[in-house]
Amino acid sequence: MEKPNYNTDIVRSFINWGIIWGLVSIMVGVIVSLQMVEPALNFPPYLTFGRLRPLHTNAGIYGWAVGTTFALFLYMVQRLCKTRLWSDKLARFQLWFFNATIITAAITLLLGYTTSKEYHELEWPVDIMVVILWVAFAINIIMTIIKRREEQMYISLWYMMASIVGVAILYIVDGAEVPVSLFKSYSAYAGTNDANVHWWFGHNAVAMVLTAPPLAMFYYVLPKSTGVPIYSHRMSIIAFWSLIFMYLWTGAHHLLWTPVPDWIQTLAMAFSVMLIAPSWGSVFNGYLSMRGQWHQMRENYLVKFLIIGITFYGLQTLQGPMQAIRSFSAFIHYTDWVPAHIHMGTMGWVSMIAFASIYYLVPRVYGRELYSVPLANLHFWLILIGQLIWTISLWIAGVLQAGMWTATNSDGSLAYSFMETMVEMYPYWWARVFGGIIFLFGVIVFIYNLVMTTRRGEVSPASERTAVEGRA
Amino acid sequence: MDWASILYLGVTFGLFIIFVLIVRYTYSRKNREQNEEAKYRMLDDD
Amino acid sequence: MWERKPVLLLVLATAAIMVGTIVTMILPFAWVNTDADRIATVTPYNPLEQEGRDIYIREGCNNCHTQTIRPLVTEVLRYGDYSKSGEFVYDRPFLWGSKRTGPDLARIGGKYPDAWHYKHMESPRAMVPRSNMPDYGWLKNNLLDPQNIRHKMDVLGFPYEQAEIDALKGKNEMDAIVAYLQKLGTGIPWRKTAETLVVGELHNPYQDDLTVLDAGKALYMQHCAACHGEKLQGEIGPELTDLDMPDADLYQILFNGFPEDGMPPFSAIGSDRLWKMVNFLKNEAKH
Ligand code: HEM
Ligand code: HEM
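Sequence lines, in order, name chains A, B and C.
In this text, residue positions in the first sequence follow my numbering: the first is 265, and each later residue adds one.
In this text, residue positions in the second sequence follow my numbering: the first is 554, and each later residue adds one.
In this text, residue positions in the third sequence follow my numbering: the first is -8, and each later residue adds one.
Do not take every clue at face value.
[As the list claims (entries may be wrong)] Derived Cβ-Cβ restraints for the label pairs, each shown as a range: (1) C:Asp145 <-> A:Ile649: 18 to 26 Å; (2) C:Pro35 <-> A:Thr530: 39 to 47 Å; (3) A:Ala440 <-> C:Thr25: 41 to 49 Å; (4) C:Asp105 <-> A:Thr530: 36 to 44 Å; (5) A:Ala440 <-> B:Leu596: 40 to 48 Å.
[Said to hold, decoys possible] Pulled a few chain C residues facing chain A out of the computed Cβ check, cut under 10 Å: (6) Phe85; (7) Arg91; (8) Arg116; (9) Lys160; (10) Asn247.
[Said to hold, decoys possible] Reference listing, derived: stretches of chain A covered by chain B, where coverage requires no fewer than 3 residues with Cβ under 8 Å from a Cβ of chain B: (11) 492 to 503; (12) 535 to 545; (13) 703 to 717.
These are calculated hints, taken from the structure and not from any lab test.
Yeah, the Cβ is synthetic: ideal placement off N, Cα and C, and Gly gets one too.
Full structure from sequences and hints, please.
This is the structure:
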C-alpha cells in the first residue's frame, strides 16, 4: 500500500499554538500564586486575582490541554486510519477559529464577563464560538474515521470519539442560559439544580478533556516510542467502556455535605471508588507493556515522560476517589489540598503526556531531529521537581488548614479564628511560587529546545516532508 | 418489596449483565484475533 | 461489531454516557427546588442586591469565597446554621464555590454593620491584618445604571417597585455589593435560633491576674480593634475607655454581641479567650 500523503502542517500549527497558550497559562499561574501571598500585586480592575485565576484555568484547559489534543488527534486520526484528513480547509478554519476563541475568551475574562461557573466561565457569545469550534473538529475527525483504510479501530480512536461526543453534550447542557445583554446572562437553572448540573459538567470536563484525550495519546505514543505493542488491547476496551460509563455518575462528589440530595452524593461516592478499576486498567496496561523494556526508561527520554505521567495518573485516580468519600471530604474539601490534587493532574499527568507527545511528533512534523536530548532531560527534571514542590507543600498546607479549621477547645468553642488559620498558609504559598517558577523554567527550556530544533536540528529521515521545504 | 426497589435492582442487574456480555464478547476466543490485531497494526505505519 | 463501525461506536458511547447523566443529573430535577424544599421566608433579591450579586460574579469573588455551610460541628460554629436547599432557589447561577481562601460568606448578612463592609472592601488589611484580599475601593467610582438593572429584574422575573429603581440613581457599585453581602443567609431567622445562652454562675477565672493582659490585648487587636479602634477610642463601634460594669456583664456582652446594632457575638472563640479580653478591657478602663 503506498503511503498516504498526510497533512502534517496543521498538526505543527496546533502544536505551536498549544504551546503558546500553555506558556500564557503557566505564566498567569505564577502571577496568581504571587497575588495570593502579596495582595499589592492586584491591579484593578482587570488584573485582580478574581479575574486572572479563570484566565489561568481556561488558558490551561482550553488553550494548552485542548490545543495539544487538537494537534494529536489530527495527527493520530490520519495515522490510525491510514488516510489523509477528511478536509484540510476545515482544519485550517478550526485552527484560526480556535485562536480567535481563546483570544476572545482571554479578553472577555479580563473585562469581567464571566458566568462564574468554574471551567465554564465564558459568556454566551464565546460559548457559541466554542460550540462551532468543536463541531468543526468533530466533523473532521469523524469523517476521517469513516473513510479510513484500516478495518480495526485502535483504542486511541475510541477515546477520541468518546471525548468528542462527551464534551459536546456536557458543554451544551451546562451552558444553557438566558442572555440579558451581549455579555451577560443568567443560568437556566437555579440554586441546587444549577450546582448539580454544573458539577456533572465539571467532573466530566475532567473526564473528557483531562483524562480521555491524554489516554488516547498515551496509548498511541507509548507503543510507538518503545516499538512494542500495548500489553492488551482487549483490556483497554473493557477499561474504556467502564470508564466512560462510570464517570458520569460522580459529579456530586464535588458537592458532598451540601444541600444536594443525599442519594446523589452516595451514588457519586460509590462510583468514584469504582472508577479506580478502569483507571488502573490503563495504568497496568502501560506498565505491563514495559515488560522487558524497562531499560528504555534510562535510554529513551520519551518513555520517561510517559511512564512518570501515567504514574501520576495512577496516583491521581487513587487520591480522587479518596477525596470523594464523605468523611475525607468533610476534612479536606475547600482547603489547599484540592489545588494540589488538581496540579498533580494537570502538571504531572496532562502536561507530562502532552510534552512527550510533542517530542514524539517533532521529527515527524518539523522534519528535524530534536536539537538536544540533554535539554529534554533537563526539562523533565525541572517540571517534575517544580510540580512536586508545588503539590507536596500544598498537601501539607491543606492538612494543616483542615486540622486548624476543625480544632476545638475543651469547652467546644473554636480553637482558631479564620485569620489565624490563613496566615499559616503563607510559607506554603511561597513554596508554591518557588515550585511554579521552576516548572515555568522547565517549560522555557522546552520551548528553547524546539526553537533550536527548527533552526539547527538535523534533518530527520523519519520525515515525510522533504527537507527542501524546510519552512518549519 | 416495593416497586421502586424492584426497579432499582432490576436496572442495576441489567447494567451488570450488559457489562458481563461486553467482557464475554471481547474476550471470546472467536474474537481474540480481531480484538488484539489493532495493537500490532498501529505499529507498522511510520 | 462496534470495533469496525465508528457510527455504532459513537451511538453506544453516547448511550453509556447518558445512563449516569439521566440518573444523577436529569432525575434530580424532580426533587430539587420543588415545593418540598421551598422556604416561605426566603425572598428574591431586590434590584440593588441583585446588581451587587452580579458585581460579585464579575469580580470573581467566588474564586476565594464559598457560599455553603455544611452540617458539620465546627463549620456551623464558625459560620452559622448549615445551608438549606430552599435558600438558593433565586440564585442564578449558584455561587457555592470550591475553595475557601477567604471565609465562607453564606451567612455573612447581618454579621457586621454596613460601615464595616465599606471600610473592609476599601482596604481589607485595615480591618483584617495580614488578609490577602485585594482592595476594591475603586468600586465606588462606578455609578449604577438603573435601566439596565430593571431589565435584569425583568429577565429574572423578580418583583420590584418603581421606587426601588429610582433609588438606584446616584448609588455606586460599592453600595450594591454591600447590600448583597448583607442579604446573604438572612432568608431564615437563624441568628435568633442559633443564639447560645450562658448558663450558671459566671466567674472570672483570671480575676486580678495581670499576666493575661498581653494575651487579652492581642485578642482585642485581632477581633475588636477594627471597629473599636486600636486605642479603644471607638470608630464603627463606640469607645471603650471607661467601661464600668461587673466582669460577668462584660463577658455576656462579648459572648452575645448586640446583633441588632451590628456587634457580632464572639461565643465561638471560647470562654478562655473571652475572659482574657474582659481582663484587658477592665484594666484599660482603670487608667
Ligand atoms: C507554573 C505552573 C502553575 C502555577 C504556579 C499554578 C498556580 C495556580 C494557582 C495559584 C491556582 C489557584 C489556587 C487557589 O485558588 O487556591 C491555580 C488553580 C488552577 N490551576 Fe494552576 N498553576 C500552574 C499550572 C497549571 C497548569 C499547567 C494547568 C492546566 C493544564 C493548571 C490548572 C489549574 C486549575 C484547573 C486550577 C483551578 C483549581 C481549583 O478549582 O481549585 N495550572 N493554579
Ligand atoms: C478516578 C478519578 C478521579 C476522582 C474520583 C477524582 C475526584 C475528585 C474530587 C472528589 C474532587 C473534589 C475535591 C473537593 O473539592 O473536595 C476533585 C477535584 C478535581 N480533580 Fe479529581 N478525581 C479524579 C481524577 C482526576 C484527574 C485524572 C484529573 C486530571 C487533571 C483531575 C482533576 C481535578 C480537578 C481539576 C478538580 C478541581 C475541581 C474544582 O475546581 O473544584 N481529577 N477530584
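Hint check:
At roughly 56 Å, the beta carbons of Asp145 of chain C and Ile649 of chain A sit outside the given window of 18 to 26 Å. With their beta carbons about 32 Å apart, Pro35 of chain C and Thr530 of chain A fall outside the hinted range of 39 to 47 Å. In this structure, Ala440 of chain A and Thr25 of chain C break the distance hint of 41 to 49 Å, their C-beta atoms being roughly 19 Å apart. At roughly 42 Å, the beta carbons of Asp105 of chain C and Thr530 of chain A sit within the given window of 36 to 44 Å.
Judged by the Cβ atoms, the range 40 to 48 Å given for Ala440 of chain A and Leu596 of chain B holds: they are separated by roughly 44 Å. Satisfaction of the interface hint for Phe85 of chain C is found here, the shortest Cβ-Cβ separation to chain A being roughly 4 Å, below the 10 Å cut-off. Restraint check, Arg91 of chain C versus chain A: the minimum CB separation of about 4 Å is within 10 Å; hint holds. Residue-level restraint check for Arg116 of chain C holds (minimum Cβ-Cβ distance to chain A is 7 Å; threshold 10 Å).
A distance limit of 10 Å between C-beta atoms decides the matter here; for Lys160 of chain C the minimum to chain A is near 20 Å, and the interface restraint is violated. Here the hint on Asn247 of chain C is broken, as its CB sits about 14 Å from the closest CB of chain A, past 10 Å. Given as covered by chain B, the stretch 492 to 503 of chain A passes the check, having 7 residues with a CB less than 8 Å from a CB of that chain where 3 are the minimum. As drawn, the stretch 535 to 545 of chain A meets chain B at 0 residues by the rule of a beta-carbon pair under 8 Å; below three, the given contact is violated.
Beta-carbon proximity to chain B at under 8 Å applies to 0 residues in the stretch 703 to 717 of chain A; the threshold of 3 is not reached and the given coverage is violated.
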